[in-house]
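Now for the letters of each chain:
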Amino acid sequence: DGGITQSPKYLFRKEGQNVTLSCEQNLNHDAMYWYRQDPGQGLRLIYYSQIVNDFQKGDIAEGYSVSREKKESFPLTVTSAQKNPTAFYLCASTLGQPNTEAFFGQGTRLTVV
Amino acid sequence: AQSVTQLDSQVPVFEEAPVELRCNYSSSVSVYLFWYVQYPNQGLQLLLKYLSGSTLVKGINGFEAEFNKSQTSFHLRKPSVHISDTAEYFCAVSDRARGGADGLTFGKGTHLIIQP
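Listed in order, the protein sequences are those of chains A and B.
Reminder that position 79 of the first sequence reads as 1556 in this note's numbering, one-by-one numbering, no gaps.
Reminder that position 92 of the second sequence reads as 89 in this note's numbering, one-by-one numbering, no gaps.
Just chain B, with the same shape it has in the complex (with noise of 0.2 Å):
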């Protein structure tokens, strides 16, 4: 079994400041790792995902996040926000050994919230 922890609920942040965002998880068995974002009423979109190789993963958006197994973390990073990523940050899970096809597993989101 998997768990997923985010450890902030809202993070507001000044436009053009730098932001993390925390993820930590916990499990029995080797994982794949996932950044998701949501915009108010839609679906999710995948920000960027570790599967294996180099431990920095650069995704869309100007978003990269570092995979630390010692830690069991999978932190998002941005150098500089804009308003327009305003949004819902999802960190997700799945098992590697079973090649991630038994679905994801959420951590409960984090709220970004850009202020001018």
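Looking at chain A on its own, in the form it has when it is part of the complex (with noise of 0.2 Å):
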């Protein structure tokens, strides 16, 4: 079946040490967002990627960092920098103009312990 693969679905980090979060995706979609949800607060935009080996920064990128090497890969790392980490991430990816429909994965909850 196709769909968003996330990995993890629950993570923790010790203060200052670094986290990778995987996302892969056999939609054979172009694009690639990572959202963070924190309670009532709704979803807020990390990090998309509209192509390969290219992306932007969302409203929230300060203390994360993404890369997109491959068209079904698009992990985030979680850096040390990152203040108040501990929240659920969720990954998304849509095929592009003029479908916008965002296919979600299952998250990863990462908790800074």
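Read the hints as simulated data drawn from the structure, not as lab findings.
Ideal Cβ positions, reconstructed from N, Cα and C, are used throughout, including at glycine.
Warning: the hint list may mix true and false statements.
To be verified - Computed spacing ranges between beta-carbons, pair by pair: (1) A:P1552 <-> B:T52: 38 to 44 Å; (2) A:T1556 <-> B:E12: 23 to 29 Å; (3) A:L1572 <-> B:L53: 21 to 27 Å; (4) A:P1516 <-> B:E12: 23 to 29 Å.
Said to hold, decoys possible - Okay, derived cross-link-like pairs now, EDC-like style, lysine to aspartate or glutamate, Cα gap no bigger than 16 Å in a straight line: (5) A:K1560 <-> A:E1492; (6) B:K105 <-> B:E85; (7) B:K105 <-> A:D1515; (8) A:K1548 <-> A:E1501; (9) B:K55 <-> A:D1507; (10) A:K1534 <-> B:D99; (11) A:K1560 <-> A:D1515; (12) A:K1548 <-> A:D1507; (13) B:K105 <-> B:D5.
If you follow the hints, you should be able to join the two separate chains into one complex; please do so.
Quick look at the structure:
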């Protein structure tokens, strides 16, 4: 079945560590996105990529980094510079214009311990 | 820039009663409009979308929404809710001129609570 796979489902990070969240899609979608979800805050865009080897900052990119070396993969690294990383992270993809429906993964819950 | 306001953070409704979840948006550009549903600890699933054409759009699970350009609203409705509709609902917009390619702007969500 086609879809978006995020791993791991739960992740624990110590203070000062970098961690990488995986996002893989087999939908042949061009565009991929990372969102952060906090309770009562909705979803906020971290980074997005419309094509391989290119990506743009979203609204809350500070403390995060991404890469897009393959069409299927868009990993997110939460760096030690991110002061409040505990959140639910969602990856999404879209086919591209004009079909703008976003498909979401099941999310990764990151907790700082 | 766009912003989305969901006017109610929680909406309690009795089973089989109708429900309306309200969404207003603000944007300097023309937008596409979406409603997504999220069950606990899961990703988001698209309920319905407005891209163009008829302002009344029908989605999955018996939901529908009406786009009102003059009031910049996109309220979600269902004539009769079920226990299984208990979830978080998000309204979202994207920039029509850019084909939605630069992501979605979300509201803060409405928690729909169905009471037996």
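Violations among the numbered hints, reported as their numbers in ascending order: 2 and 9
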